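Trainee: Reading the sequence shown from the start, the letters are residues 1 to 370 in my numbering.
The hints are simulated quantities; they were obtained by calculation from the structure and are not laboratory data.
The structure presented is a predicted model; accordingly, all values stated were derived computationally and were not measured.
There's no promise every hint is true.
For each label pair, taking beta carbons as the anchor points, the in silico distance ranges come out as [as the list claims (entries may be wrong)]:
#, residue 1, residue 2, range
1, R121, E210, 14 to 22 Å
2, T196, A63, 16 to 24 Å
3, D214, W163, 17 to 25 Å
4, D106, D233, 17 to 25 Å
5, S85, E118, 14 to 22 Å
6, T36, P182, 42 to 50 Å
7, T59, Q218, 20 to 28 Å
8, E92, E118, 43 to 51 Å
9, R121, A67, 38 to 46 Å
10, G283, T211, 26 to 34 Å
11, W163, T342, 30 to 38 Å
12, G88, Q218, 17 to 25 Å
13, E103, K345, 27 to 35 Å
Below, computed lysine-lysine pairings styled on BS3-like, alpha-carbon distance capped at 30 Å [as the list claims (entries may be wrong)]:
#, residue 1, residue 2
14, K216, K181
15, K77, K181
16, K99, K181
17, K345, K273
18, K109, K189
Ideal placement from N, C-alpha and C gives every residue a C-beta, glycine not left out.
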Amino acid sequence: MATRILSATSWKTAASSSARSNRAGYGLIRLRGLATLAETVRSDETFGIPVVDFGRFRTNDSAAKLATAKEVVDAFKEVGFVYLSNHGIQDEKITNAFKKSKEFFDLPKEKKSALAWEDPRSNRGYVQQGRERVTQSSDAQEIAALRAKAPDYKETMEIGRDWDATWKNQWPQETDAPGFKPTFLDFFKTCHDFHTLVMRSIALGLSLPETFFDNKIQEQYHNLRLLSYPSIDTRLLKTEGSARAGAHSDYGTLTFVFQDSVGGLEVQNPHTKHFHAATPIPGTIVVNVGDLLARWSNDVLRSTLHRVVAPPAQSSSMTPARQSIAFFCNPNGGAEISCLPTCLKEGEKPKYPTVQTEEYIVGRLRATYS
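Produce the entire structure from the sequences given, and follow the hints as far as they go.
Mentor: Here is the structure:
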């Protein structure tokens, strides 16, 4: 099911008639008579992932920053996903990251396998196709059975902070992948800086001090994941339970998804439980809420299920190869995640007990890869 892309004004301004445009391969829908995003997304006919101009938050205009923050938080309350435009990460940097990622995955299998992922506490290294099966289950035996029946059709490379005293990144030799290490050290830091900005917008949108999260995320306890989805017989992706990546939520605060033009990412409408295509939009980053931010906010912000399947309208016998880059943002490893003061109404109790970041994420990873 195709997703309607909603601009910030789409759910705020009632138009006299629906105006549709087809720019750069996606539809921007202005909806008639629907005054709020909450009303818009409750129907699959009008469901859409909002597009927010984040450039307004990157200014010194306090009114513009607050308005943007509220749009971001509204999107996360109702959908759990948002497209951010004018995000400030240069196109050239993203293009080069995709180039270096492809060069790595084009290496011979033995070169990649020498860098194999080994430990959920580290979460670094190369993961061959079929090794992972993402799912909402936390039961290791159930996940193993799913993996045996319908593995995810992808390979990945996992990168963490490079100065960690205990866990080291698995870098390819410079002669095998020229420029790979400096490219992704720089990209990791760029995404961390962007994470800080987006979390500041969330703080404002939740009526917290703008820098509320700063000292809870500064350790850069993140995971940069390069993904390669090889070309595959489309029939394999149409069988029950099969996907390039099964339906799942993410574990941390936020995820930044950089997509190529192939498509295939789908987002579940949390109100109807039907999946919709998250169509790639040039110049935007897809951002979604993870489980720990949902817990932090007492589910005020949604951690929404998503998956990667054959692209919409895929009629050929072979589904084309796809690339993406995901940056999984996390709080500090030792951070205690408990209900935020502004996310609890009078008389309410927190839905979740306090949990430590590292304990939660390592537990989820251990079950996924066992």
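Trainee: With reference to the structure, classify each hint as holding or not holding.
Mentor: Hints versus structure:
Hint check: R121 to E210, Cβ distance near 33 Å, so the stated range 14 to 22 Å is violated. At roughly 21 Å, the beta carbons of T196 and A63 sit within the given window of 16 to 24 Å. The supplied range of 17 to 25 Å is met by D214 and W163, whose beta-carbon atoms lie about 19 Å from each other. A hinted range of 17 to 25 Å holds for the C-beta pair D106 and D233, which are about 21 Å apart.
With their beta carbons about 38 Å apart, S85 and E118 fall outside the hinted range of 14 to 22 Å. Separated by about 46 Å at the C-beta atoms, T36 and P182 satisfy the suggested range of 42 to 50 Å. Evaluation of the 20 to 28 Å hint for T59 and Q218 yields a pass: the beta carbon distance comes to about 23 Å. Look at E92 against E118: about 34 Å separates their beta carbons, and that is not inside 43 to 51 Å.
At about 41 Å, the beta-carbon gap between R121 and A67 stays in the expected band of 38 to 46 Å. Our hint of 26 to 34 Å for G283 and T211 holds, since their Cβ atoms are close to 28 Å apart. One distance hint, 30 to 38 Å for the beta-carbon pair W163 and T342, holds here, with the actual separation near 34 Å. A C-beta distance of roughly 19 Å is found between G88 and Q218, which places it inside the suggested range of 17 to 25 Å.
A hinted range of 27 to 35 Å is violated for the C-beta pair E103 and K345, which are about 51 Å apart. For the hint pairing K216 with K181, the CA-to-CA distance comes to about 27 Å; that is within 30 Å, so the pair holds. Distance restraint check for K77 and K181: the Cα-Cα separation of roughly 37 Å exceeds the 30 Å cut-off, and the hinted pair is therefore not satisfied. Taking the CA atoms of K99 and K181, the gap is near 13 Å; set against the 30 Å cutoff, the hint holds.
For the hint linking K345 to K273, the alpha-carbon distance of about 26 Å falls within 30 Å, and the restraint holds. Taken as a hint, the K109 and K189 pair is honoured in the structure, with Cα atoms around 28 Å apart against an allowance of 30 Å.
The earlier numbered hints that this structure contradicts are 1, 5, 8, 13, 15.
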